[in-house]
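Keeping the supplied structure of chain U fixed, place chains C and A upon it in accordance with the hints.
Protein chains in written order, with the working numbering: chain U, 13 to 202; chain C, 127 to 658; chain A, 4 to 473.
Calculated directly from the structure, the hints in this document are not laboratory data.
Treat the hints with caution; some may be incorrect.
Said to hold, decoys possible - Below, in silico cross-link-like pairs of lysine to aspartate or glutamate (EDC-like), each with a Cα-Cα straight-line distance of 16 Å or less: (1) U:Lys21 <-> C:Glu640; (2) A:Lys383 <-> C:Glu261; (3) C:Lys544 <-> C:Glu640; (4) A:Lys193 <-> U:Glu104; (5) A:Lys138 <-> U:Glu81; (6) A:Lys186 <-> U:Glu81; (7) C:Lys179 <-> C:Asp189; (8) U:Lys122 <-> A:Asp351.
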Amino acid sequence: MSWNAIDRKTVPAEEMGPGISEATKEKIRSFFPRYPSKQACMLPALHIAQDELGYVSLQAMRDIAQVLELPPAAVMDVVSFYTHFWTHPRGEKMLMLCRSLTCELLGSEKLRARIEEKLGIGDHETTPDGKFSFMTEECLAACDHGPCLMVNEKMHKCVSVEDVDRILDDPASDRLDIPRSDTYDAPPKA
Amino acid sequence: MPKITIDGKTVECRENIPVLRAALEAGFEVPHYCYHPGLSVVASCRLCLMQMKMPHPKTKELDWAPKLFPSCQTPVKDGMEVKFDSQLVHNNTNHVMEYYLINHPLDCPVCDKAGECYLQDYTEDYGPATSRMVEEKNKNPKKDIGSQTLLYQDRCVLCTRCVRFTQEVAGTSELTVINRGNRGEIDVFPGEPLENPLQANVVDICPVGALLDKNFLFQQRVWLLKPTKSVSPADARGSTVYIDVNDDRVWRIRPRFNEKVNEWWISDESRFSWQHVHSPDRLNIPMIREESALRPTRWPVVQEQIRAQLNTVASDGGSRVAIVLSPMMSCEEAWLLASFVRQSAPQATFVIGYVPVEGTDQTFPKGFVISAEKCPNRRGVETVIEQAGGPSASWDEFLTKAGGGEYRFALVTGGYPKAWIDSTLADTLRKIETVVLHDVWASALDDHLWLQLPSATWVEREGSFMNADGLVQPFDRALKPLDGVVGDGQFYYELAGHQGLFRSRKVRELMAAELPTFGEVFVPREEPEYAH
Amino acid sequence: MAYDKVLLKRVGTPNSVSIDTYKADGGYQGLAAALKMQPGELVDLVKGANLRGRGGAGFPAGVKWSFLPPDREVTYLCINADESEPPTFSNRVLMEEDPHQVIEGVIIAGYATRTTTAYIYMRGEFTEQYHVMQKAVDEAYAAGYLGENIQGSGWSMNLYVHRGAGAYVCGEETGLIESLEGKRGWPRIKPPFPAVEGAFRKPTVVNNIETVACLPHILSRGMDWWKSVGPEHSLGPKLFCISGAVNRPGCYEAPCTITMRDLIYDDAFGGGMRDGKKCKAVFPGGLSMGVLRGDTFPQRPAGSKIDLSEDHDELDCILDFEDIKQYGMLGLGTAAAVVVPEDVDIRDVLVNTCRFYAHESCGQCTQCREGTGWMYSIAKRIRAGAGRSVDLDLIEELTNNMGMMPGMSICGLPDGAAWPIRTLVQKFRAEFESYIAQQHAGSVEETIRRVNPAAYELPILGGRQMAPAT
Chain U
13 MSWNAIDRKT
23 VPAEEMGPGI
33 SEATKEKIRS
43 FFPRYPSKQA
53 CMLPALHIAQ
63 DELGYVSLQA
73 MRDIAQVLEL
83 PPAAVMDVVS
93 FYTHFWTHPR
103 GEKMLMLCRS
113 LTCELLGSEK
123 LRARIEEKLG
133 IGDHETTPDG
143 KFSFMTEECL
153 AACDHGPCLM
163 VNEKMHKCVS
173 VEDVDRILDD
183 PASDRLDIPR
193 SDTYDAPPKA
Chain C
127 MPKITIDGKT
137 VECRENIPVL
147 RAALEAGFEV
157 PHYCYHPGLS
167 VVASCRLCLM
177 QMKMPHPKTK
187 ELDWAPKLFP
197 SCQTPVKDGM
207 EVKFDSQLVH
217 NNTNHVMEYY
227 LINHPLDCPV
237 CDKAGECYLQ
247 DYTEDYGPAT
257 SRMVEEKNKN
267 PKKDIGSQTL
277 LYQDRCVLCT
287 RCVRFTQEVA
297 GTSELTVINR
307 GNRGEIDVFP
317 GEPLENPLQA
327 NVVDICPVGA
337 LLDKNFLFQQ
347 RVWLLKPTKS
357 VSPADARGST
367 VYIDVNDDRV
377 WRIRPRFNEK
387 VNEWWISDES
397 RFSWQHVHSP
407 DRLNIPMIRE
417 ESALRPTRWP
427 VVQEQIRAQL
437 NTVASDGGSR
447 VAIVLSPMMS
457 CEEAWLLASF
467 VRQSAPQATF
477 VIGYVPVEGT
487 DQTFPKGFVI
497 SAEKCPNRRG
507 VETVIEQAGG
517 PSASWDEFLT
527 KAGGGEYRFA
537 LVTGGYPKAW
547 IDSTLADTLR
557 KIETVVLHDV
567 WASALDDHLW
577 LQLPSATWVE
587 REGSFMNADG
597 LVQPFDRALK
607 PLDGVVGDGQ
617 FYYELAGHQG
627 LFRSRKVREL
637 MAAELPTFGE
647 VFVPREEPEY
657 AH
Chain A
4 MAYDKVLLKR
14 VGTPNSVSID
24 TYKADGGYQG
34 LAAALKMQPG
44 ELVDLVKGAN
54 LRGRGGAGFP
64 AGVKWSFLPP
74 DREVTYLCIN
84 ADESEPPTFS
94 NRVLMEEDPH
104 QVIEGVIIAG
114 YATRTTTAYI
124 YMRGEFTEQY
134 HVMQKAVDEA
144 YAAGYLGENI
154 QGSGWSMNLY
164 VHRGAGAYVC
174 GEETGLIESL
184 EGKRGWPRIK
194 PPFPAVEGAF
204 RKPTVVNNIE
214 TVACLPHILS
224 RGMDWWKSVG
234 PEHSLGPKLF
244 CISGAVNRPG
254 CYEAPCTITM
264 RDLIYDDAFG
274 GGMRDGKKCK
284 AVFPGGLSMG
294 VLRGDTFPQR
304 PAGSKIDLSE
314 DHDELDCILD
324 FEDIKQYGML
334 GLGTAAAVVV
344 PEDVDIRDVL
354 VNTCRFYAHE
364 SCGQCTQCRE
374 GTGWMYSIAK
384 RIRAGAGRSV
394 DLDLIEELTN
404 NMGMMPGMSI
414 CGLPDGAAWP
424 IRTLVQKFRA
434 EFESYIAQQH
444 AGSVEETIRR
454 VNPAAYELPI
464 LGGRQMAPAT
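Bound conformation, chain U alone (with noise of 0.2 Å):
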């Protein structure tokens, strides 16, 4: 009928991956009375999905569809825009190195190639442990203290090559010295 075209018609069970619990779209729902529409709360259902899968599978994008009364392309749609969704698993540790300019100038290119020597994983890859993912941002906003890892939610600063192995054996790594807030988290597991 046609050259080789990928069936976009069915999928396989599998490979819409798992999807998310009743309390987290309990949570989801919580955002609604800040919006007049349902459809704004999309950024912060997805924060709170891939909070809880790691990543968005395609099954937590037919959840999310269906919370917010959206045909799930509209939900791939925003999720394929912006870079920090994930559609396929994650590590528990997301190292997000930055690769604007003045990190670049700063060393940044070094800190990529430690991180992918020694965790043998390129951008947007994860270790087969499952301990890392790495991707490459541009700008983190932390110029003044170029160049910067982040590990999930804790920013490393001034990072050199040393610090690149100290931070990645470090199991606190991202762990935050300030108080959180927790209103973008999945609700904790029962």
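For chains C and A alone, coordinates are given in the frame of chain U:
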């Protein structure tokens, strides 16, 4: 009506339309991709930029502004002055066209759109002859996105017309843009394909060869196709269409703009309503019962036989004669048949034929309607019957009476896109002594028929249909009838005693004397030459 | 240079993020003064102060407010904290160190515009800053500065922190609005402008964090103080960021009278070049505004006019909203400078710059979508030692038709992409040419496919990885 000046020429234009539309309507060729009059304006293709006179920020004198404005987004205002024919504008168009081709595969030789592709046309008219891009091109996957459509992402210019169509006209929002920047693609959510009753319209509005009709894939080069103006028989809305024909074969049906009915769109039913035209199962020889079997005969014999038979059974005025006028008939055919029958059988019963109905009317967000009534001309035939006077009956009444053996003779017309006489119906009609069936298909009633006449499909006929709103719209003949078949119009024309060639326009003039409704047909406005 | 810091005064002081220390330092006085006025008076006041927007375009905030239709029923206020312009971090410093100053500014702006719901749109990369801001917002609610009947004024406003998820274009005001509405951040066509039809199709004001942070000070310190800071056309204190190869990278506050040279070499600011190197180039106003030649180039002869075609040191550029344009810059932008030292290959800078815009282009307008990607490919090839002189001309031409002048595309991103790339190629042409001269014959043909291989089957969603590392 506001007056605006385009390239030094002052033109009058409609209120509240964008300058782009006004220019197209005034006959200017302005390249554009993302703008479509039936969809919202996004002004993203940046091809239709124009120069405009603006008050100078300091002196307040009107002068050409240094920047260019998107003409699709600028509404017309009385007295405004714009320019499309200028170096600045041409430079912009030239550059944009170069951008469009940097990752385009240039596979026109195997592209169905070639010949009606606006990437080809605009590149030839406005674009550079060569590309300065020496890097390798990106290759995108081809995607099977729905039962009728394929997406060749390589060729897409991301005008988002298709996305807006599914959101705004169909209201189903299956299509969307994914990713960002030059990684952008059109896609559906996996497992939620493009499936709506208007889906194939995205193929028409795609200005390039990205969205393709599976039924038309690799079938024909479009420059070989000859379009004929027609009206869709798929439902009672009477959507106007083009029938594209080559080599005595229909290859596709496209919407024809109609401001009163379907605007730029047609339903998939209308689009694919031609498939039966080329069915090998169609009847193509008139048959007459001789010695208990149907045997081939000739058309002139058929006419003589019908006249003779009618004279016999209608000696009492025809009270036991029924003439079933199918809602698939054109107004002209119905009128010719009715007026012929009324001469010899003033008491014959005229029956409005079987009206297929499926579900209820479907209305879409921007007002497009798919009628539940799957025939084009119920109202036209009813009007003819009403005007003809004398006895008439509904289909159900006819069946009851026929089942009660009240009729001795019936002429039944069909013409439906598929065989419609099931065994129950056949059993009822068997109660009529002499049955003439003028239809496309063989049926369970064949063993009882006296005359079996092959009918032409609407593609092979000309005439007019009256739609559900009472609008009479003419359609032309796209193909000559199947070998052995005489067009229904021609047959009734001769049966009614006329000589020469059946021309629907001529017949409508005759009809208009009795039925002023048919004196004037509605022909939709033509879309401007350069609009698409 | 003696200058009394205002916006950054509390930065670095103990527990600067708490509402108690903020109030002890005279915080929320500006709001008290504002609530004594009528909203209309407040708009006129800010209009009179000619407070130019700090987000990049420099549009006067008071004028923006006055575009709101007078008979509106609902108004939304969006505070733009999507600080994505490399290398800008002044908003981060404000939110991280003095969140209540920002919140006070938001409340004043909200009161002036009769807002009932305000959103702080914060980029997704701000994590710690988000927690700080959210806590400060909670404190402000508890203290009655937000919510119902604020400080007994009869006026109520809610403030929510809305988190983005990584898209530069959401810093554009209509991109921000679309993103806030839960869609992809594709900027809208204008008109209608947000003041008439913005978020949720209602009148909306979008202001930058730094802009609103100035408001409490205008009210508490008075107009005379405000007008005494900086030149007539660029009034008020301004935050300057400097990063890169300098000794004291950071965010500094100054009136708009300092030069680029001051910012790099003055001990109050950058404190000189790191390791005593010279400065080859500097982007003075964020990446998008363009590049200045540094002091590796000879000084312009005294008394001569600025001639951009000459390779002269351009560090004497005054960092205000107007003077900077003489040097071929698009504007002051975010006033965030990145200093490129002499030993950096200018081709790397070009690749980095091109990559940024190719990655961040939203993909609506054709020129921007295709042009940024194309220039990135060319830049990569030039860096790989396979450039051609014609490539430099080509890049210049592409930038010219992408962003010939602001306003040719839906948003300003292509202008912002065109300016730095064009000025880089123009001002450092000699260096590019010298690399090209060193290439061996045939290197271009050898390199093309290696550097920019065709990406077969660009990833799509579901199973496969999502975005290639552009």
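Going down the list of hints, with the structure as the test:
no.	hint	in the structure
1	U:Lys21 <-> C:Glu640	violated (55 Å)
2	A:Lys383 <-> C:Glu261	holds (10 Å)
3	C:Lys544 <-> C:Glu640	violated (34 Å)
4	A:Lys193 <-> U:Glu104	violated (43 Å)
5	A:Lys138 <-> U:Glu81	violated (31 Å)
6	A:Lys186 <-> U:Glu81	holds (14 Å)
7	C:Lys179 <-> C:Asp189	holds (5 Å)
8	U:Lys122 <-> A:Asp351	holds (14 Å)
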